[in-house]
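Number of protein chains: 8
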Amino acid sequence: MAPCKLTAINNRKKVAKMKTLLIALAASALITAPLVAQDTLQQTSIATTLAVDIAQAAVSACTADGYNVSAAVTDRSGVLLALVRSQNAGPHTVNASTQKAFTSASSRNPTSAIAENVSKNPVAAGMADIPGFLVLAGGVPIKAGKDTIGAIGVAGAPGGNLDEACANEAIEKVSARIN
Amino acid sequence: MAPCKLTAINNRKKVAKMKTLLIALAASALITAPLVAQDTLQQTSIATTLAVDIAQAAVSACTADGYNVSAAVTDRSGVLLALVRSQNAGPHTVNASTQKAFTSASSRNPTSAIAENVSKNPVAAGMADIPGFLVLAGGVPIKAGKDTIGAIGVAGAPGGNLDEACANEAIEKVSARIN
Amino acid sequence: MAPCKLTAINNRKKVAKMKTLLIALAASALITAPLVAQDTLQQTSIATTLAVDIAQAAVSACTADGYNVSAAVTDRSGVLLALVRSQNAGPHTVNASTQKAFTSASSRNPTSAIAENVSKNPVAAGMADIPGFLVLAGGVPIKAGKDTIGAIGVAGAPGGNLDEACANEAIEKVSARIN
Amino acid sequence: MAPCKLTAINNRKKVAKMKTLLIALAASALITAPLVAQDTLQQTSIATTLAVDIAQAAVSACTADGYNVSAAVTDRSGVLLALVRSQNAGPHTVNASTQKAFTSASSRNPTSAIAENVSKNPVAAGMADIPGFLVLAGGVPIKAGKDTIGAIGVAGAPGGNLDEACANEAIEKVSARIN
Amino acid sequence: MAPCKLTAINNRKKVAKMKTLLIALAASALITAPLVAQDTLQQTSIATTLAVDIAQAAVSACTADGYNVSAAVTDRSGVLLALVRSQNAGPHTVNASTQKAFTSASSRNPTSAIAENVSKNPVAAGMADIPGFLVLAGGVPIKAGKDTIGAIGVAGAPGGNLDEACANEAIEKVSARIN
Amino acid sequence: MAPCKLTAINNRKKVAKMKTLLIALAASALITAPLVAQDTLQQTSIATTLAVDIAQAAVSACTADGYNVSAAVTDRSGVLLALVRSQNAGPHTVNASTQKAFTSASSRNPTSAIAENVSKNPVAAGMADIPGFLVLAGGVPIKAGKDTIGAIGVAGAPGGNLDEACANEAIEKVSARIN
Amino acid sequence: MAPCKLTAINNRKKVAKMKTLLIALAASALITAPLVAQDTLQQTSIATTLAVDIAQAAVSACTADGYNVSAAVTDRSGVLLALVRSQNAGPHTVNASTQKAFTSASSRNPTSAIAENVSKNPVAAGMADIPGFLVLAGGVPIKAGKDTIGAIGVAGAPGGNLDEACANEAIEKVSARIN
Amino acid sequence: MAPCKLTAINNRKKVAKMKTLLIALAASALITAPLVAQDTLQQTSIATTLAVDIAQAAVSACTADGYNVSAAVTDRSGVLLALVRSQNAGPHTVNASTQKAFTSASSRNPTSAIAENVSKNPVAAGMADIPGFLVLAGGVPIKAGKDTIGAIGVAGAPGGNLDEACANEAIEKVSARIN
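Each protein sequence line maps, in turn, to chains H, G, U, D, F, C, P and R.
Residues in the first sequence are numbered consecutively from 1, following our numbering.
Residues in the second sequence are numbered consecutively from 1, following our numbering.
Residues in the third sequence are numbered consecutively from 1, following our numbering.
Residues in the fourth sequence are numbered consecutively from 1, following our numbering.
Residues in the fifth sequence are numbered consecutively from 1, following our numbering.
Residues in the sixth sequence are numbered consecutively from 1, following our numbering.
Residues in the seventh sequence are numbered consecutively from 1, following our numbering.
Residues in the eighth sequence are numbered consecutively from 1, following our numbering.
Hints listed in this document are in silico derivations from the structure and should not be mistaken for laboratory results.
Heads up, the beta-carbon is just placed ideally off N, CA and C, and yes, glycines get one too.
Be aware that a few hints might be false.
Here are some chain H residues pointing at chain U (derived, C-beta under 10 Å) [what the hints assert, rightly or not]:
no., residue
1, Leu41
2, Gln42
3, Ser45
4, Ile46
5, Ala47
6, Thr48
7, Thr49
8, Leu50
9, Asp53
10, Arg76
11, Ser77
12, Gly78
13, Val79
14, Ile149
15, Val174
16, Ile178
Covered stretches of chain F, going by a simulated chain D footprint (3 or more residues, C-beta under 8 Å) [said to hold, decoys possible]:
no., segment
17, 52-61
18, 78-90
Take the sequences, apply the hints, and build the full model.
Given below as structure tokens:
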């Protein structure tokens, strides 16, 4: 693999450009710093009813496509609010969907974007090892404007992009109730 | 504690009697042994729709009593099918309800019965250390006749007996759909 | 231990009374159920600045008493916001203080109350096995009125009651900034 | 590695084609969605006797080739039914074979296919991090027609493809008893 | 519980006597110290074939009594050689039987003896927390003369003493092949 | 067990007295608080050579008594410096000895003292659940004057008090090299 | 990827050169071997006050850049001394920052250097799997001269190099207090 | 990365050849299958004294080169017999050396060979995820003829090949005592 690597060393600018893309992509994680130190703060999070509806909508969307999945919805802190598993989805989908949701809630990014970045930026491989993270498409933040108020993770379809499509379909379905 | 213990040694028959009670209580775990070796078998398990309904019913029952809980429903193998957490229930209730459900699905007994037995039978204390078990009231098997086809676990009410009451109320509500 | 146990069986009413006490004690976990289903909710949590101040105040309070401790402060979801360890406190105090804080944030009760209940109510022993819980005095919820907005956990003093005293002293010191 | 990567960016269509292949390969995971919501369902799983026979057959097949292995057989939910370890197989083969079997039972695919896909599709690398999964050849679903009713995992031969060969030989040996 | 405890303090001699009993009971763990330092040693362990036979015999013995169990057999180092689970035994029995076998192989004592001691000797409670241990009846060492060459663990019967009976029955059945 | 417990409630003073004893016993954990905040500090810890000698001395002491044990020695931060296992000691003794040493290094107390306190003070039971702790006799701090500079843990003898005796014998043997 | 790999095989010298670079880079881990065996040693570590100041400085530096992060500071043994999390930083940043700090304290290298090496040296990939390690930029040793006396880890910025910049800025700010 | 990969697909024969090399390299894992089923077997393992000597020799060899390491020696089952850590080696070296030794004892191969294979054979990447394995140079089997009777793992030098050199030097030093 040496030539590829040596070339990489000779192409530091390209690597730098990739890093900038990575930053741009992840930039939704930025929140303007508070001007004055505060002692308490108000945070918006999704409620149980909405979480159950989103999870069910995602499972239904995938079932309509012929895929058996689990869908997990967390609050803004990444704590599970609702999980629905198709009775034909494998047991691994429970943890996989939950960890995808946690990853998106905590990083405020779709897991597909993180997976894409990690696959292109070898020095970022460690992101997949952060405790609780699962860097695999299918996790999507649930946002009210720019504020991440929860996240959904879907697992079990034959491809993370298919899981993600069900997640997005579910979020779209309830969008009127969030913003 | 010595005198109590020494008395215990002098009262082996009573201990034996307690063990018999323990066996009687747990006897629902017995399933008649098959007469002929079989290569495959048919098993009944609850489906997703029913699982979601039971979980929601349990959360509603506890909410009506003023308690914020998580309710987890597993299939007969102890794998999660549905989880609903009240947005005001603490994060620990996610794992607590899931483990209570697993304990009941796998042991085919209410966790309250196991907790009662363990508290009275010191040599059985190790049951609480079995991986995946949570020996605390609030887990209840879901049965079709004598066959355990799933389980529910509830956590978050100020007392395991209150969690269990919500679990039982939820099972009762759907009983017509099971048998 | 048999006679003690058998007596216990003959004293079911007393056990019941104890359970009621347990419920009363833990009743602060109750939050009135919402009348109407909501899709999102606002939650108050402590901010970083306050968390650091509380953690430092607790370590200082214990240092003044001659005890080397760690103090951990979490937000309302039980996620760490600040941790300070005295350089002379043992390494175990990092996890011990963090888990005490999580236990109090999630259960909305002092860990001393849970420990007291568990020690008197053998069927509740399983509470100590809930993932993330450490049932040992030294964890205290941080409240704004009746709302738990965070928690502190202190570990390292020679007795949980001493840890708890430092925690309470620190909360008292900042009370004007919370309510 | 940059040139390879940059080329990849310029070849998005090829990546898309690979993803389609991946989907095709994994398509055995699809199960037609039920038209009507059901409350309970019947599932077929392998029984103990068959599981022990398959595990022993796999160990024998590998022993005949001169390899010391463990063979694990799970039911359709991925729970171990039988494990046999050659006394000369290393201790790591116990967990390795069990996790390979779980991976195949839960994903309904041979682990070799998943490993092949992951190695060609960098964004899918996270599949190897799903809790309980071991993405390494040697796990094979046991099917009755199109229905996955269990799985076998073999570990210890000097190459996953050799482990897989023993697994397939064992399944073939009992095929008349399944379908 | 105070009077019991205070009495215990006044009865230190009895406690001492109990400790002596404990030692006597566990004395089978003693192996005469080698007179000369050696660089390598020969150890006897059970082989795969025997392990499978013992595991199957234990499951059969329990099935005959109407109990659904898992039986795990380890070599002298506590590494699994064979596991058989009745298709009607809960998933928790896999780990429970394996850990019982490890506990007996490593401590060279039946788990029932350890459980009995722990229940009578509060300062020994920590034995149940040793990583890999499950202090619950049902684990039995397999001995060739005084040398522990493996162990069996059984789990799933409604009482550890019943699990142990199946384990002993299985060992007895193969005793001619060991000594 | 109720009468014992109820009596306990009527004997709060005795409980208080016990707590005071607990504090006194653990008082060696106290280190006078620094008067001035410092940025760096000097700490004394045992070195490798001494650690190996202590571990070997402890194994030898137990071998002389006919017990097969592991002995683990950590530095002042609880990180392993040396471990020696008798080839006839069970595999569980590796972790058991290491955790006993960590517990003593971090708490600066013998594990026997902690076990004694926990057994007499039910509200302190949670100490056994602190991550990394093993509350079982056999762990002893290694001190230079009042400063804990390391710890030893011994496991495998038929009784924690016997493990502790070997640990103390080993420390005594090297005492001239420490102070 | 085959051609790259095959070329690599034909370019063993280049691989060897890369390994040498790796060694040079990591050479700060070397500490001259002691000429005489010692029984105890003196070690310098950072104190609590300094640790809190560094953690706060790092969070402030990142906040000024518009990034919400956690900053963790450990002593020379990798044990946490201080952690500060911005209230807007995700929950994963707590563990991520702590593990980055541990990795740098224990390896005495910036995590960015390890990540760079691992990404260029495939046979070193296992470094990312060492328990407690997180190989991702953002961890930096805190040095007094050549002696590593602690470490800081920062996590949460959209890129490890940005995390590292905040870490370095914080160390620089307190440099006068260390050397 | 697509072109590399597509080429790989067009070069299946080369991949096959690489797999054959992998098999050849790992062939030391083969042990001729027993002709007759046996009930017990005799196994040779290294003893404590030799284990301690090897561990100390490895630490000394690395110290002479200026590297601070941990050295762990296991018996043939991968259970630790001796561990020695240089007081200047980081805390991560304890687990790293122990896991390297386990990996070599259980696979009967140097970890450098496994790392080399994994780096060249992407479908074998999962080997690094086998529980207990650390696929990083520095682990070496200890053999009596062709029989693996233990293993050593070294960690802490700035490069796994340097760790391995110390391990080999230590084994060579005691070779007369093994064969």
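For the restraint on Thr49/H, tell me whether the closest CB of chain U is nearer than 10 Å. holds (4 Å)
Tell me if the interface restraint on Ala47/H is satisfied: Cβ within less than 10 Å of some Cβ in chain U. holds (5 Å)
At a threshold of 10 Å, is the proposed contact between Gly78/H and chain U supported by beta-carbon distances? At about 8 Å, which falls below the 10 Å cut-off, the nearest Cβ of chain U leaves the hint on Gly78/H intact, so it holds.
Restraint outcome when Gln42/H is required to lie within 10 Å of chain U by C-beta distance: The hint holds - Gln42/H has a Cβ within 10 Å of chain U, the shortest such distance being about 5 Å.
Minimum Cβ distance from Ile149/H to chain U below 10 Å? Check passed: Cβ of Ile149/H comes within 6 Å of chain U, closer than 10 Å.
Taking 8 Å as the C-beta cutoff, is the stated coverage of the segment 78-90 of chain F by chain D satisfied by three or more residues? Coverage by chain D holds for the segment 78-90 of chain F (9 residues, Cβ < 8 Å).
Can you verify the interface hint for Val79/H: is its Cβ closer than 10 Å to any Cβ in chain U? holds (6 Å)
Restraint outcome when Ile178/H is required to lie within 10 Å of chain U by C-beta distance: holds (7 Å)
With a cut-off of 10 Å on the beta carbons, see whether Arg76/H makes it to chain U. Since chain U brings a Cβ to about 8 Å from Arg76/H, closer than 10 Å, the hint holds.
Minimum Cβ distance from Asp53/H to chain U below 10 Å? Interface hint status for Asp53/H: holds (9 Å vs cutoff 10 Å).
Can you verify the interface hint for Leu50/H: is its Cβ closer than 10 Å to any Cβ in chain U? With Cβ-Cβ at 4 Å, under 10 Å, it holds.
Have a go at the Ile46/H hint: is there a Cβ in chain U nearer than 10 Å to its own Cβ? It holds, given that the least Cβ distance between Ile46/H and chain U is near 6 Å, below 10 Å.
Violated hints are absent here; each numbered hint is respected by the structure.
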